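Colleague: Given chain A, put chains X, L and B in place with the hints provided.
In the order they appear, the protein sequences are chains A, X, L and B. Under the numbering used here, the first residue of the first sequence carries the number -6, and numbering increases by one thereafter. Under the numbering used here, the first residue of the second sequence carries the number -6, and numbering increases by one thereafter. Under the numbering used here, the first residue of the third sequence carries the number -6, and numbering increases by one thereafter. Under the numbering used here, the first residue of the fourth sequence carries the number -6, and numbering increases by one thereafter.
Do not rely on the hints blindly, as some may be mistaken.
All copies of an identical chain are treated as equivalent in the list; a pair is satisfied when it fits inside any one copy or across any two copies.
When the alpha-carbon atoms are kept at most 16 angstroms apart in a straight line, the in silico EDC-like pairs for lysine to aspartate or glutamate are as follows [what the hints assert, rightly or not]: (1) K26 / D79; (2) K291 / D126; (3) K272 / D68; (4) K236 / D68; (5) K153 / E200; (6) K153 / E209; (7) K202 / E115; (8) K113 / E173; (9) K236 / E184; (10) K236 / D79; (11) K93 / E20; (12) K26 / E14; (13) K93 / E14; (14) K249 / D126.
Derived from the structure by calculation, the hints contain no laboratory data. This one's a predicted model, so the numbers in the text were calculated from it and none came from an experiment.
4 protein chains.
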Amino acid sequence: MAKRFDIIALGRACIDLNAVEYNRPMEETITFKKYVGGSPANIAIGSARLGAKVGFIGKISNDQHGRFIENFMADVGIDTSQMIVDQHEHKSGLAFTEIKSPEECSILMYRDQVADLYLKPEEVDEQYLKQTDLLLISGTALAQSPSREAVLKAISYARKNQIKVAFELDYRPYTWQTPEEVSIYYSIIAEHADIVIGTRDEYDEMEGKSGGTNQETTNYLFQHRPELIVIKHGVKGSYAYTKDGAIYQAGSYKTKVLKTFGAGDSYAAAFLYALSNGKDIETALKYGSASAAIVVSKHSSSEAMPTVQEIEQLIAAQS
Amino acid sequence: MAKRFDIIALGRACIDLNAVEYNRPMEETITFKKYVGGSPANIAIGSARLGAKVGFIGKISNDQHGRFIENFMADVGIDTSQMIVDQHEHKSGLAFTEIKSPEECSILMYRDQVADLYLKPEEVDEQYLKQTDLLLISGTALAQSPSREAVLKAISYARKNQIKVAFELDYRPYTWQTPEEVSIYYSIIAEHADIVIGTRDEYDEMEGKSGGTNQETTNYLFQHRPELIVIKHGVKGSYAYTKDGAIYQAGSYKTKVLKTFGAGDSYAAAFLYALSNGKDIETALKYGSASAAIVVSKHSSSEAMPTVQEIEQLIAAQS
Amino acid sequence: MAKRFDIIALGRACIDLNAVEYNRPMEETITFKKYVGGSPANIAIGSARLGAKVGFIGKISNDQHGRFIENFMADVGIDTSQMIVDQHEHKSGLAFTEIKSPEECSILMYRDQVADLYLKPEEVDEQYLKQTDLLLISGTALAQSPSREAVLKAISYARKNQIKVAFELDYRPYTWQTPEEVSIYYSIIAEHADIVIGTRDEYDEMEGKSGGTNQETTNYLFQHRPELIVIKHGVKGSYAYTKDGAIYQAGSYKTKVLKTFGAGDSYAAAFLYALSNGKDIETALKYGSASAAIVVSKHSSSEAMPTVQEIEQLIAAQS
Amino acid sequence: MAKRFDIIALGRACIDLNAVEYNRPMEETITFKKYVGGSPANIAIGSARLGAKVGFIGKISNDQHGRFIENFMADVGIDTSQMIVDQHEHKSGLAFTEIKSPEECSILMYRDQVADLYLKPEEVDEQYLKQTDLLLISGTALAQSPSREAVLKAISYARKNQIKVAFELDYRPYTWQTPEEVSIYYSIIAEHADIVIGTRDEYDEMEGKSGGTNQETTNYLFQHRPELIVIKHGVKGSYAYTKDGAIYQAGSYKTKVLKTFGAGDSYAAAFLYALSNGKDIETALKYGSASAAIVVSKHSSSEAMPTVQEIEQLIAAQS
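Pulled out of the complex, with its shape left as it was, chain A reads as follows (with noise of 0.2 angstroms):
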């Protein structure tokens, strides 16, 4: 029978504020439009855009931009039932995005005590999490106590009951306190997922080194319980690696590119997506990467994600 859930995402729902005059420091702008932002929250809504059910655990805080993100996940049709409000004035991540150029994009962040950092293990639902087939972690979860406690108690019930784990490293370097800390915390979900995906670099960080390669990588993570490795190399394309020994690999579509926020995000939406929907993984990394060619030429990162339809047409006109 299926589950009430195609995959419940566990992180952080934030703000974005992305500058409306850009291409240019964000000391000259002026004007910045207001998005629900974040990894695992962006994911949501991309797989939600898809027509996947999703539900969402996170923390968010009692203000108006809590509620925002709140009603905007709802609106797109996720689950917020366990997206619990913060009691002790936390407030909501920003993200405010500066475009210098498409190729020069960075991004000034609020992370100090914000409302996703206190997420309790003791918050984490296991009846809620027994109603997905997938749950889908983000490593920025892990950065700090209690969320990263959160984290490894949802893990822990998700192997106990038989759920798939998927793991987005979604490295950031803000919050963490060195870089012992993340590669150890990486490691032990990494070792414990399912499914892992992440840049070449987030890879490096995991191990704790610069310059390793897809095989030391897959190695390593094979002699645990990952079955399914996705290593991202930017435009250069991206390979996923089976546990059996196969390797598959996509290259990226041509797009104008206006930004490069939210491509990893739409990436992993799309190709969980596929996955979930029975497509191979040849098929699933198409998704992957035509998802994020087109959330790279808008201007936001949640509400550009695409529709099965516009992914299909990309793919179609570009083979």
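Modeller: Chains X, L and B only, in chain A's frame:
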């Protein structure tokens, strides 16, 4: 011989993000405009707009927001040589303004670990202070260490060098730990200031009670250093008391109110400007009220600060 | 070829201040004697007393107490080259012992910001760990960062280098934030250890419940790495379970109890020593029980650790 | 009419652990004796021993050490009704004393998150303070919030109720963040005190310089409230200055020095006792010096506080 500065303001210089779509809850606002904000920054900007020679002592973030603040203040003619750039990743404070109606305005504040509260006492330069006639202290700078100690240090330099101190109570509940702390530090500074300006409610916070009277407040403070005490009662107007027993009153000017933000800062800027330009107290009160009336009719606080001509036109129009 | 060490213990080495006047409340005790204390330090000292080659990884205070600890441990033959001297004014943990009666003992702990909890993962040396057959982890080292991460790092080195890990649960409520944290980190370490030793109550803490059974505990842990699980039931004796289904039991030895402190540490030292010297599990349990019986009859924990001869005499005397 | 108390002391009451085996480094000391310690507690005890009516305002730990402190102070006749029992697991401060030689004494301090620094301003009772003629403030209580604010509150009550304030500088580097903080808060309190007592070095800390002179110190402080300033120069004796320009000097008494701890506290207790019993300043200085000479010849600070008879005998013997 005239000093280099008419006034040096000490305290926070932050970012206001004002709702572009207003007369609605902020959940429904999508676009925000960025302005410089924060009470002492607004007073400095207002003073400069009126033609005063202005300096500023504060700490700003080492990012796009910090640079925007410094650029804007330098552009209106403020000396920013003592606006120290934070080196520990503290951010600029943010104030998202919500304008539901002219009567219902609120602010969503980001004040956790903001740069301005990290100004240290050893960063306050006695030689710089000696170049002004008047030091303006903003109460919010007392909320946390080390900014609290920077204020205490500045006060001690001012006393040592016969510089007048104006204390604008500027009470904001965020970042203060307890009402007792508010009362203790507000009292210490008020007792050592020459001019104290605040609303009736703010004096009540200082005195640790509710329903206090102007009589009680002036009885208390005139035992200490203050010579001039301004107490504002909102639309009912404001009072000025002098140590020799004189009382002055001013009404408020009619205007089309857009929002209430910025009223107090524009009042203080114009009132202090008038005093330091030899106007009598009665005229100074009119300047304050007229300046406030102009700012509450406009969208921003800092950019809306009026010129002397605009103030005098309004006073003349409503005499 | 034999390795340099039989056992390396990782965790805290602290100061015990034992009441000289006892059988009374500590309020009435005026004189205290100073000993080295802390579970892993006691186990290291006990092991060295029995003749094992012992190393220690930990962080000690840069003061008279820290130097006393290192001197004492070096004097009993422990390699102290990896006892790192703290450089940030963290103090040695203290335990003032109160002995009201043999049945009523309590400890007044000083554990705020103690040096041992500041051991960092980057201070754990893989080359040093490779020189041992067995790594002993103490649960209290998991209570806070960065010591928590140092343990996780050590475990990962141990696994990589085929070093056996013994996990002595050593649960102390101080310094832990919540029961959920205890359960989460105890579970992670227990699942990755080869040998787990603790009291019934400590396993309940790990499993996040009360009234758990040995059957439930062994069912859970034998799904993971552990091969040998020791569960102590106080005066009712202790049980050892092996992955292949065998169960061993040991009673406790008669003795004149002075206080209960140090029982668990002396038990673990003698049990692990016996195992690593080729004794069978049944004999190892006797060693543990006899060693505990000897220590509870004496004033200190560390100085009272018995020799092999003393243990064998007691076993022989009560067979 | 006489008030209920001659003196109320405010600040820390802690535990001293004095080396029983001395004239050696503490690493070689095994036995320690427990006494009540902390400057204001010692002054309170010394005053009570001399026959004064004494009250105490402070916060003590909710454990055996806290109860020992309260019992001991009550036993010497101090009113302990305002010694508040901490409810948040803060511990009593500890001072392990090392006596290498009479000239080489040091202290190993445990002052992290100690109960006395958590006294809150709202816990200072104005009605209680009104019952004394003299309030003694100890500088260490200024080192952290909320104890710092409790002192500021007590000072404001004292001023309001015409209670004299004696400020014993009692500077201890631990727990202070920066020299600027020391200087700022010491100055505020000294300027508002009636009597200030300290060593030459402590006044230098207050003035934020080194090599200051008594002339500079008295020039500065006599511009403010103080009427009597005592400056101690160790074995060279001490000076008392009055606002009307008088200067008094006292030498030190010959004694067999065991250790230097407790000298300042016993000095302050006897000096203030003499003053409040109508002795002239010259006699009060002798009382202070004689009391100090007696305490440094004995093992403890608090228990060694002399009686009036002992002090007068020593003065007579060496006249």
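Colleague: None of the hints should be skipped; say for each whether it holds.
Modeller: Hint-by-hint comparison with the structure:
1. Taking identical chains as interchangeable, the C-alpha atoms of K26 and D79 are never at most 16 angstroms apart, the minima being 24 angstroms within one chain and 27 angstroms between chains.
2. In this assembly of identical chains, K291 and D126 lie within 16 angstroms of each other by CA distance neither inside one copy nor across copies; the values are 31 angstroms within and 54 angstroms between.
3. Proximity of K272 and D68 under a CA criterion of 16 angstroms is satisfied in neither setting, with 27 angstroms inside one chain copy and 59 angstroms between copies.
4. In this assembly of identical chains, K236 and D68 lie within 16 angstroms of each other by CA distance neither inside one copy nor across copies; the values are 38 angstroms within and 52 angstroms between.
5. Taking the closest pair of Cα atoms, K153 and E200 come within 16 angstroms of each other only across two copies (14 angstroms); inside a single copy the shortest separation is 27 angstroms, beyond that limit.
6. Taking identical chains as interchangeable, the C-alpha atoms of K153 and E209 lie at most 16 angstroms apart only when they sit on different chains, with a minimum of 15 angstroms there against 29 angstroms within one chain.
7. For a Cα distance limit of 16 angstroms, the shortest separation of K202 from E115 across copies, 13 angstroms, qualifies, whereas the shortest one inside one copy, 34 angstroms, does not.
8. In this assembly of identical chains, K113 and E173 lie within 16 angstroms of each other by CA distance solely across copies; the values are 9 angstroms between and 23 angstroms within a copy.
9. For the homomeric pair K236 and E184, the shortest alpha-carbon distance inside one copy (13 angstroms) is at most 16 angstroms, but the shortest distance between copies (23 angstroms) is not.
10. With identical chains, the CA atoms of K236 and D79 are never at most 16 angstroms apart, being 41 angstroms at best within one copy and 44 angstroms at best between copies.
11. With identical chains, the CA atoms of K93 and E20 are at most 16 angstroms apart within one copy only, with a shortest distance of 11 angstroms there and 28 angstroms across copies.
12. Taking the shortest Cα distances, K26 and E14 sit within 16 angstroms of each other both inside one copy (10 angstroms) and across copies (11 angstroms).
13. In this assembly of identical chains, K93 and E14 lie within 16 angstroms of each other by CA distance solely inside one copy; the values are 10 angstroms within and 26 angstroms between copies.
14. When the C-alpha separation of K249 and D126 is checked against a cutoff of 16 angstroms, the pair qualifies neither within a copy, at 36 angstroms, nor between copies, at 58 angstroms.
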